[in-house]
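So the protein lines, in turn, are chains A and B. Taken in order, the first sequence gives residues 1 to 328; the numbers are from full-length UniProt numbering. Taken in order, the second sequence gives residues 1 to 335; the numbers are from full-length UniProt numbering.
Warning: the hint list may mix true and false statements.
Facing chain B, according to a computed beta carbon distance under 10 angstroms, are these residues of chain A, among others [what the hints assert, rightly or not]: (1) R89; (2) Q93; (3) H216; (4) S222; (5) A242; (6) F245.
The following label-pair restraints were derived from C-beta to C-beta distances [stated by the list, open to error]: (7) A:P274 - B:E247: 40 to 48 angstroms; (8) A:R132 - B:E247: 51 to 59 angstroms; (9) A:A269 - B:D80: 46 to 54 angstroms; (10) A:P284 - B:D152: 52 to 60 angstroms; (11) B:Q104 - A:S70: 51 to 59 angstroms.
Please keep in mind that the hints were generated in silico from the structure rather than gathered at the bench. Every residue gets a Cβ at the ideal spot worked out from N, C-alpha and C, and that includes glycine.
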Amino acid sequence: MTQSADTLLQVSDLTLHYRTRRGTARAVDGVSFDLRRNEALVVLGESGSGKSSLAKALMRLLPRNIERFSGQVMLGDMDIMQLGDEAFRKQVQWNRMALVMQAAMNALNPVVRVGEQVAEPLRVHRGWSKDRAMERVAETFRKVGVSTDFLQRYPFELSGGMRQRVVLAMALVTEPDVVILDEPTSALDVLTQASIMNVLKRIKREEGTSFILITHDVATSSELADRVALMYAGQIVEISDARDFFHYPAHPYSQMLMDSVPRLHQAEAPGYIPGEPPDLIDPPTGCRFADRCPSRFSKCSQDPPAFSPDERRRVRCWLHEDEVARGS
Amino acid sequence: MEAEQQNDILLKANNLHTWFDLRQWGFLRIGSVRAVDGVDFELARGEAVAFVGESGCGKSTLARTLLGLHRPTSGDVTFDGQELSTLKGEARQQYLASVGYVQQDPFGALPPFMDVRRLLSEPLIIHGVKDRDTREKRIRQVLEEVRLTQVDEILPKFPHMLSGGQQQRVVIARALLLEPSMLIADEPVSMLDASVRVEILNLLRNIQKQRSLTLAFITHDLSTVRHYADRIFVMYAGRIVEQAPVEKLLDSPQHPYTQSLLAAIADVDADNALEERDVPSGEPPSLLKPPQGCRFHPRCPKAIAGTCDVKDPPFFEPQTGHFSACWLHDEAHRG
Ligand SMILES: Nc1ncnc2c1ncn2[C@@H]1O[C@H](COP(=O)(O)OP(=O)(O)OP(=O)(O)O)[C@@H](O)[C@H]1O
Ligand SMILES: Nc1ncnc2c1ncn2[C@@H]1O[C@H](COP(=O)(O)OP(=O)(O)O)[C@@H](O)[C@H]1O
Ligand code: SF4
Ligand code: SF4
Ligand SMILES: [Mg+2]
Ligand SMILES: [Mg+2]
């Protein structure tokens, strides 16, 4: 991909394989994308496609059973994959990038007041005084729409929607450049989801933050996305501008996914994608979607590289090989 | 005509209330959670309806009350002309067999230590199907009906060896085993991946049509109901606030709460990211002490002071067959 001055994060060939009893699980298998300043990239994909693993790989929050962890992640002009763990924590984790983990709202410490929990990264990692930290926390609470009366409350005293805002505050309190959100609204109601998405839109607009939003829900993705990356079996199969992705999806999987989205005022029933994604242990050689793909042809037994039919788009499918040839 | 219509009603809820006592230290009653608090409706034979509402509004409690798993605090349920609370012994077993239940969490619905053959045999044994071959035949039939066509592969598997979608099909198969006349499906797809959801919903809808089942489909997601139900009931804080045929409700919602729900979702479009949505402030009220008057009034952008916070709105019928419990439909309040 072309690197512009605006590029904040550039990920190349990121790989995270787990060691399991049955063999190597290729959860993240050569993922590349870039993220511009003040951009929201949505990572879509079905369960098990590797979305959370991608988030953990970027934040280096890894389990023990790692078989392979490699690739390049440029944050500005620093390759953060080359940093030692200590330097990574100091320079990246509590500073320039933050992650709201999947189901984090249920993982708050039940016996610590939420204000203190949100202040922790400032107190522990930046050594701020209590007053200074709490002032910043209060400010962050206001941004995410939590009354400062709640600073002194315990997690169980808050509704799910409020707890989700608290974990969001925890990610924002260090004013990072990149915030990664793993399924931040999936467990919430429609109205609560909408108000959390409103908060994210406002923060993106007012603070210039960049987001990587992970979700399996296309409707949610459309509430924030500038660009969409669709994952399938550990790989990004398409990455496109949101407008193109939603209206002219290029990869057969993207097309079927978009067809399966229920629409409120549409007379025809949505379609669906028969079959199931492949096992990440010994995935098929060749195109990983081939089993379920209605457009499969002879070439698909070879692994398709990512083709760029135009410079804003990358599609991992042999059908787009010709377009590239014609285009260039 | 009148009598014929009566006959068509399979299930009827009359002023149904299901409250839970809230106790401190295990004995001191400090109040009641009014999970279902005055619900009336009738379901016709062969009709598919959707109950839609936010988490905690009482949908699952309503489902379990209809199944006879909770005893209503007051009011009653009639099924096929018989009052549920009067059913005992054999008659109650019969009722349980005529209502299939697909519970909210497919992962928790299947006992982990039973393989599919065993967990599908169990209900048949309990309901007196003694002959092994008859059971096997019946099990194969329902598995094919839910499109688990590789029957021999599926039968010896334990739940954890199945994908979420397959597990949910097994749950549906189990609900169909005893030839029910009604199916209650509590959020049957909310735990599943978007790509499998449509497939499961299609399956449920097709089975419902083919068998002319009455289907009560519970969901928190209005965007999934259009093709899977004939009528919608919108619930808020333990009550039904609006009911209408699907198209009417989605195309011209009458109740301000339903209007907010629909304003919060939009068909997928890149422009969605550009505008904030109109969301009513606040959260659903505590069911321990629901607000006086209309339960939506503390959040309602159209609330009429002096009315909505005082008097409970009854159902009005602003359009034929379209009911909404809101004072705005009252002649006296029309500007
Ligand atoms: N610590 C681990 N050890 C072994 N395998 C793992 C580990 N964590 C995840 N996996 C496997 O890696 C694959 C990708 O998992 P991941 O959690 O990244 O998916 P996801 O896209 O986030 O799914 P979901 O939508 O369900 O959250 C899955 O097959 C999963 O079982
Ligand atoms: N067994 C129970 N004991 C006490 N409270 C309950 C019980 N079941 C549900 N509730 C309460 O009743 C309300 C409605 O819950 P539920 O019927 O599960 O709603 P929904 O299915 O719409 O999310 C909630 O406040 C819930 O906490
Ligand atoms: S490469 Fe072949 S099998 Fe894979 S998505 Fe493209 S057409 Fe389908
Ligand atoms: S009755 Fe009043 S408060 Fe309730 S929904 Fe109607 S206008 Fe709003
Ligand atoms: Mg995940
Ligand atoms: Mg429920």
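Evaluation of the provided hints:
1. With 10 angstroms as the threshold, the beta carbon of R89 (chain A) stays out of range of chain B, its nearest partner Cβ sitting at about 32 angstroms, so the hint is violated.
2. Annotation: interface hint on Q93 (chain A) violated; nearest CB of chain B at approximately 28 angstroms, more than 10 angstroms.
3. The beta carbon of H216 (chain A) is positioned within 10 angstroms of a beta carbon in chain B (closest approach about 6 angstroms), and the interface hint is therefore held.
4. Annotation: interface hint on S222 (chain A) holds; nearest CB of chain B at approximately 4 angstroms, less than 10 angstroms.
5. Nearest Cβ of chain B to the Cβ of A242 (chain A): about 4 angstroms, under the 10 angstroms cut. The hint holds.
6. Annotation: F245 (chain A) was flagged as interfacial toward chain B, and the flag holds, the nearest CB pair being 8 angstroms apart, inside 10 angstroms.
7. Judged by the Cβ atoms, the range 40 to 48 angstroms given for P274 (chain A) and E247 (chain B) is violated: they are separated by roughly 28 angstroms.
8. The hinted range of 51 to 59 angstroms is satisfied by R132 (chain A) and E247 (chain B), whose Cβ atoms lie roughly 57 angstroms apart.
9. A hinted range of 46 to 54 angstroms is violated for the C-beta pair A269 (chain A) and D80 (chain B), which are about 31 angstroms apart.
10. Taking the beta carbon of each, P284 (chain A) and D152 (chain B) are about 24 angstroms apart, not inside 52 to 60 angstroms as hinted.
11. In this structure the supplied range 51 to 59 angstroms is violated for Q104 (chain B) paired with S70 (chain A), their Cβ-Cβ distance being about 41 angstroms.
Checked against the numbered hints listed earlier, the structure breaks hints 1, 2, 7, 9, 10, 11; every other hint is satisfied.
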